[in-house]
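Now for the letters of each chain:
Number of protein chains: 2
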Amino acid sequence: MKRVLTADTPLHVDQEVVVKGFVHVRRDHGKLIFFDLRDAAGLLQIVVVPSVSEEASKVASELRPEDVVEVHGLIKARPEKLVNPKLKSGTVELSAKKITLLSKAETLPFDMGGASLNLELPTLLDHRSLTLRHESVRNIFLIQAAIAEEFRNAAKTLGCTEIFVPTIAAGATEGGADVFKVDYYGHEAFMIQSPQLYKQIMVSVFERVFVITKAYRAEPSVTTRHLSEVTMIDIEIAFIDSFEELLDAFEFVGSSIVKNVSEKYSGIFKNFGIEKPLVPTKIPRLTLRAAQKIITERTGRDLSKEMDLNPEDEREICLWARENHKSDFVTVTHYPTKKRAFYTYPDPENPEYSLSYDLLFKGTEILSGSRRINDYDQLVVAMKARGVDPKNFGMYLQAFKYGMPPEGGFSFGLERITMKMLELANIREASLFPRDMERVDERFSKREEKTGNDQKREK
Amino acid sequence: MKRVLTADTPLHVDQEVVVKGFVHVRRDHGKLIFFDLRDAAGLLQIVVVPSVSEEASKVASELRPEDVVEVHGLIKARPEKLVNPKLKSGTVELSAKKITLLSKAETLPFDMGGASLNLELPTLLDHRSLTLRHESVRNIFLIQAAIAEEFRNAAKTLGCTEIFVPTIAAGATEGGADVFKVDYYGHEAFMIQSPQLYKQIMVSVFERVFVITKAYRAEPSVTTRHLSEVTMIDIEIAFIDSFEELLDAFEFVGSSIVKNVSEKYSGIFKNFGIEKPLVPTKIPRLTLRAAQKIITERTGRDLSKEMDLNPEDEREICLWARENHKSDFVTVTHYPTKKRAFYTYPDPENPEYSLSYDLLFKGTEILSGSRRINDYDQLVVAMKARGVDPKNFGMYLQAFKYGMPPEGGFSFGLERITMKMLELANIREASLFPRDMERVDERFSKREEKTGNDQKREK
Chain A
1 MKRVLTADTP LHVDQEVVVK GFVHVRRDHG KLIFFDLRDA AGLLQIVVVP
51 SVSEEASKVA SELRPEDVVE VHGLIKARPE KLVNPKLKSG TVELSAKKIT
101 LLSKAETLPF DMGGASLNLE LPTLLDHRSL TLRHESVRNI FLIQAAIAEE
151 FRNAAKTLGC TEIFVPTIAA GATEGGADVF KVDYYGHEAF MIQSPQLYKQ
201 IMVSVFERVF VITKAYRAEP SVTTRHLSEV TMIDIEIAFI DSFEELLDAF
251 EFVGSSIVKN VSEKYSGIFK NFGIEKPLVP TKIPRLTLRA AQKIITERTG
301 RDLSKEMDLN PEDEREICLW ARENHKSDFV TVTHYPTKKR AFYTYPDPEN
351 PEYSLSYDLL FKGTEILSGS RRINDYDQLV VAMKARGVDP KNFGMYLQAF
401 KYGMPPEGGF SFGLERITMK MLELANIREA SLFPRDMERV DERFSKREEK
451 TGNDQKREK
Chain B
1 MKRVLTADTP LHVDQEVVVK GFVHVRRDHG KLIFFDLRDA AGLLQIVVVP
51 SVSEEASKVA SELRPEDVVE VHGLIKARPE KLVNPKLKSG TVELSAKKIT
101 LLSKAETLPF DMGGASLNLE LPTLLDHRSL TLRHESVRNI FLIQAAIAEE
151 FRNAAKTLGC TEIFVPTIAA GATEGGADVF KVDYYGHEAF MIQSPQLYKQ
201 IMVSVFERVF VITKAYRAEP SVTTRHLSEV TMIDIEIAFI DSFEELLDAF
251 EFVGSSIVKN VSEKYSGIFK NFGIEKPLVP TKIPRLTLRA AQKIITERTG
301 RDLSKEMDLN PEDEREICLW ARENHKSDFV TVTHYPTKKR AFYTYPDPEN
351 PEYSLSYDLL FKGTEILSGS RRINDYDQLV VAMKARGVDP KNFGMYLQAF
401 KYGMPPEGGF SFGLERITMK MLELANIREA SLFPRDMERV DERFSKREEK
451 TGNDQKREK
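Heads up: the protein sequence lines correspond to chains A and B, in order.
Going by our numbering, the first sequence opens with residue 1, and the numbers climb by one from there.
Going by our numbering, the second sequence opens with residue 1, and the numbers climb by one from there.
There could be a bad hint or two in this list.
Same chains, same names: a pair is fine if it fits in one copy or spans any two.
[Unchecked claim] Straight-line alpha carbon distances no greater than 30 Å define the calculated BS3-like cross-link-like pairs of lysine-lysine that follow:
(1) K282 with K259
(2) K214 with K446
(3) K156 with K214
(4) K420 with K156
(5) K2 with K76
(6) K401 with K2
(7) K401 with K104
(8) K2 with K259
(9) K293 with K305
(10) K391 with K181
(11) K339 with K401
(12) K401 with K31
(13) K293 with K326
(14) K88 with K270
(15) K58 with K76
(16) K264 with K156
(17) K181 with K401
(18) K446 with K401
(19) K259 with K156
(20) K181 with K214
(21) K338 with K401
(22) K446 with K391
(23) K98 with K401
(24) K446 with K181
(25) K446 with K384
(26) K401 with K58
(27) K86 with K98
(28) K384 with K104
By construction, these hints were calculated from the structure, which means they are not laboratory data.
Here the structure is a predicted model, which means the values were calculated and not measured.
Chain A extracted, bound-state conformation (with noise of 0.2 Å):
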């Protein structure tokens, strides 16, 4: 007999079906067994009474959370005052005939029954395979994977091409010091830290290109917002009419995946508490330095020195742009050249800036990106300045000696829009596996007999 999902069973009422699935909890009532089985479609109560069958009252009475089961019974409708209106299979419940224990699991470390799982960090990361399971947990990955898909319908929307580019590299992405280093074969090579110089390679080669891929960041810091490796999602546009036409890429991206991602999944999103995103048809577009003016004329803080905003100012602005344009999000246009990647476009009007931009939503920065220097020479030039080695960069700049048309492009975290739409505290929430310094599945403390570790740990 075919499986049927515990979602589909209202519709086979008085029918004998099979399911399968987890033990979830158990509640025993004397002699009557209830338990909750759970699948990939939701929870579905079980009811096993001796009469029915002795064999499987004999099977449930020893079931623990996590069994892995199949079940054969009748699905019968509940009275109307038993519904359960919060399962989909709330109107029913099965009465079963036959338990075959597929898989036994040992005892938790902890309940998995409850809403919330309640654990520390550490925890929950040390009992990933378990912990994942839990509903709130899983559902964050749920929400991972509609962003990714959305992405992708919007970078096709886009007439963008899908590349799959290396990891492994022969110099430091933008030329920083926090790379995590190969042996390879013998040579010296290194994790990317970006996939941004293939994409803009491949911009000659197609025009439009989008890919998602690992990055690494060997950042000798433990904190809410850093992973050792990370989901880059990036975007990468050429032949570009204006700097606005970028911005208007640019923003299509990234409205329309937290537009799409919160309305297919706003249950999901209640669940966590959070409210529907403001998406205006025009977000506001303020260049750094009006930003930080109507900062000012807010709070009082002189920003005239300031480079860039810091995370109270992203809030603040974040906060003016709801009052006064009724978005969650804003564009923030013209940082200083030089806080920004060599690859950077100075704006020609004045090349103190550059024409660079960020999404900012609900309070942080989501998306950011620039149209690049297209000029070998000027480009060479940018290295040095940031005493980055052009020699390390020779298929990159290959790609700009014969010709390179007018681009640019946004890139952002997979892990950090994930963190951001559902309001997580730490980033380690929105990945499967979360790499940190501390960190490769098990804790190295707990790996290794000495320790030896002497790093920095920050809050």
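Mind docking chain B on chain A? Use the hints.
Frame of chain A; chain B shown alone:
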């Protein structure tokens, strides 16, 4: 004025437009200059006549292949005898009024204007940022993007959720020796050899998952079939009712990718000289032993002591499938247990053979998979029997400790399937920027003054 793509120019006859792109080839006829402009959509013939614009003629006379230009001019219908049916814009040409040079290219190291490139592989790869622009190379990666998309479509049809798994691990995935080591904050870590263990964990969360991610193989050899960094495409499904359910899913994914990509891009396959694949409604299924018996009958070769199919056998059994089942596919199951990875499920009826399967296409394996051991104790025994230390796989085993449903899956390499579908001679042609023992973008021998390269080179 907004840019018009070359393919859309026939909609603008007798109108002034702006086109942008790369100079493809230039042909001078005295004062009359023709050049083909190349953009993402194709080619357009540009005619530059001094009587229309002296200035444009002057700019055009200095244009070189791969220069990036913006051309303003009038779209004119071509006389019928000059129509070029090979181009989407073949019914028109553009008479240039103004040409703006957007980016200047150096003199090319070889001719890029022909239908094919005719370069040796090292030259093709040394100039990868340039050679990728050639239509014959570019099209390989249009097919690659389409394979990824059709894979995702098939995975969604099967009800899979997309997951993003780590690539840095604490243990070598399958216990192999050929792993890249990473200096991870002073700890030893490895780049994953496959997403296998994480996708298995994740079926206890989502039941059905898919993943596209990087995997790394530090094999100390240079062959036409090996890359050090590959893109793995994986599916894993749980709560299977039978082994046949796995085979159905596996064949559905493999054959629908090949079928749909071949149909959508039939023009590209035709240019590569590739016949339309034979995709039957029902792919023939054989156990390894049955396949060997057929090969023996056809060739007289005794395979009764062979534990696997060698390349010659794979070609032979595919010929048999083509002749007898009008199929370019054949599924081979039940490989010897000891020839497959430790997590492979032995056939309960004959544990010497396993519930494993390969999908062969036109003479070689393109997808591979198995049902997995889902019992904790059995898994630990299997690991130890292969010399894999369970201590290094704590997070993986945790999933099995707390109940794991019956499950299985399959996997393939994006570069490998691209290579097979386009019948490329070398897998490097199917990777944008291939990594191997001798190359990360540039060849190590070119990058380093002293190569010290005494590593084995296979032909």
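Hints, one by one, checked against the model:
1. Taking the closest pair of Cα atoms, K282 and K259 come within 30 Å of each other only inside a single copy of the chain (14 Å); across copies the shortest separation is 42 Å, beyond that limit.
2. For the identical chains of this complex, K214 and K446 are neighbours both inside a copy (26 Å) and across copies (28 Å), given an alpha-carbon limit of 30 Å.
3. When the C-alpha separation of K156 and K214 is checked against a cutoff of 30 Å, the pair qualifies both within a copy, at 21 Å, and between copies, at 22 Å.
4. For the homomeric pair K420 and K156, the shortest alpha-carbon distances inside one copy (24 Å) and between copies (26 Å) are both at most 30 Å.
5. In the homo-oligomer, the alpha carbons of K2 and K76 lie at most 30 Å apart inside one protomer (19 Å), although the nearest pairing across protomers, at 65 Å, exceeds that limit.
6. Taking the shortest alpha-carbon separations for K401 and K2, only the inter-copy value of 27 Å comes in at or below 30 Å, while the best intra-copy value is 61 Å.
7. For a Cα distance limit of 30 Å, the shortest separation of K401 from K104 across copies, 8 Å, qualifies, whereas the shortest one inside one copy, 62 Å, does not.
8. Taking the shortest alpha-carbon separations for K2 and K259, only the inter-copy value of 29 Å comes in at or below 30 Å, while the best intra-copy value is 38 Å.
9. For a Cα distance limit of 30 Å, the shortest separation of K293 from K305 inside one copy, 12 Å, qualifies, whereas the shortest one across copies, 81 Å, does not.
10. Within a single copy, K391 and K181 get their C-alpha atoms as close as 18 Å, and across copies as close as 25 Å, so both meet the 30 Å cut-off.
11. For the identical chains of this complex, K339 and K401 are intra-copy neighbours only, at 26 Å inside a copy versus 50 Å across copies, given an alpha-carbon limit of 30 Å.
12. Taking CA atoms no more than 30 Å apart as the test, K401 paired with K31 passes between copies only; the shortest distance there is 29 Å, against 80 Å inside one copy.
13. With identical chains, the CA atoms of K293 and K326 are at most 30 Å apart within one copy only, with a shortest distance of 20 Å there and 73 Å across copies.
14. Proximity of K88 and K270 under a CA criterion of 30 Å is satisfied intra-copy only: 17 Å inside one chain copy versus 50 Å between copies.
15. In the homo-oligomer, the alpha carbons of K58 and K76 lie at most 30 Å apart inside one protomer (21 Å), although the nearest pairing across protomers, at 86 Å, exceeds that limit.
16. In the homo-oligomer, the alpha carbons of K264 and K156 lie at most 30 Å apart both inside one protomer (19 Å) and across protomers (16 Å), since each shortest distance falls under that limit.
17. In the homo-oligomer, the alpha carbons of K181 and K401 lie at most 30 Å apart inside one protomer (29 Å), although the nearest pairing across protomers, at 35 Å, exceeds that limit.
18. Proximity of K446 and K401 under a CA criterion of 30 Å is satisfied inter-copy only: 19 Å between copies versus 51 Å inside one chain copy.
19. Within a single copy, K259 and K156 get their C-alpha atoms as close as 17 Å, and across copies as close as 22 Å, so both meet the 30 Å cut-off.
20. In this homomeric assembly, K181 and K214 come within 30 Å of each other (Cα to Cα) both inside a single copy, at 15 Å, and across copies, at 17 Å.
21. For a Cα distance limit of 30 Å, the shortest separation of K338 from K401 inside one copy, 24 Å, qualifies, whereas the shortest one across copies, 53 Å, does not.
22. Taking the closest pair of Cα atoms, K446 and K391 come within 30 Å of each other only across two copies (12 Å); inside a single copy the shortest separation is 42 Å, beyond that limit.
23. Taking CA atoms no more than 30 Å apart as the test, K98 paired with K401 passes between copies only; the shortest distance there is 24 Å, against 72 Å inside one copy.
24. In this assembly of identical chains, K446 and K181 lie within 30 Å of each other by CA distance both inside one copy and across copies; the values are 24 Å within and 21 Å between.
25. In this homomeric assembly, K446 and K384 come within 30 Å of each other (Cα to Cα) only across copies, at 22 Å, whereas the closest approach inside a single copy is 44 Å.
26. Taking identical chains as interchangeable, the C-alpha atoms of K401 and K58 lie at most 30 Å apart only when they sit on different chains, with a minimum of 23 Å there against 76 Å within one chain.
27. In the homo-oligomer, the alpha carbons of K86 and K98 lie at most 30 Å apart inside one protomer (27 Å), although the nearest pairing across protomers, at 67 Å, exceeds that limit.
28. Taking the shortest alpha-carbon separations for K384 and K104, only the inter-copy value of 21 Å comes in at or below 30 Å, while the best intra-copy value is 61 Å.
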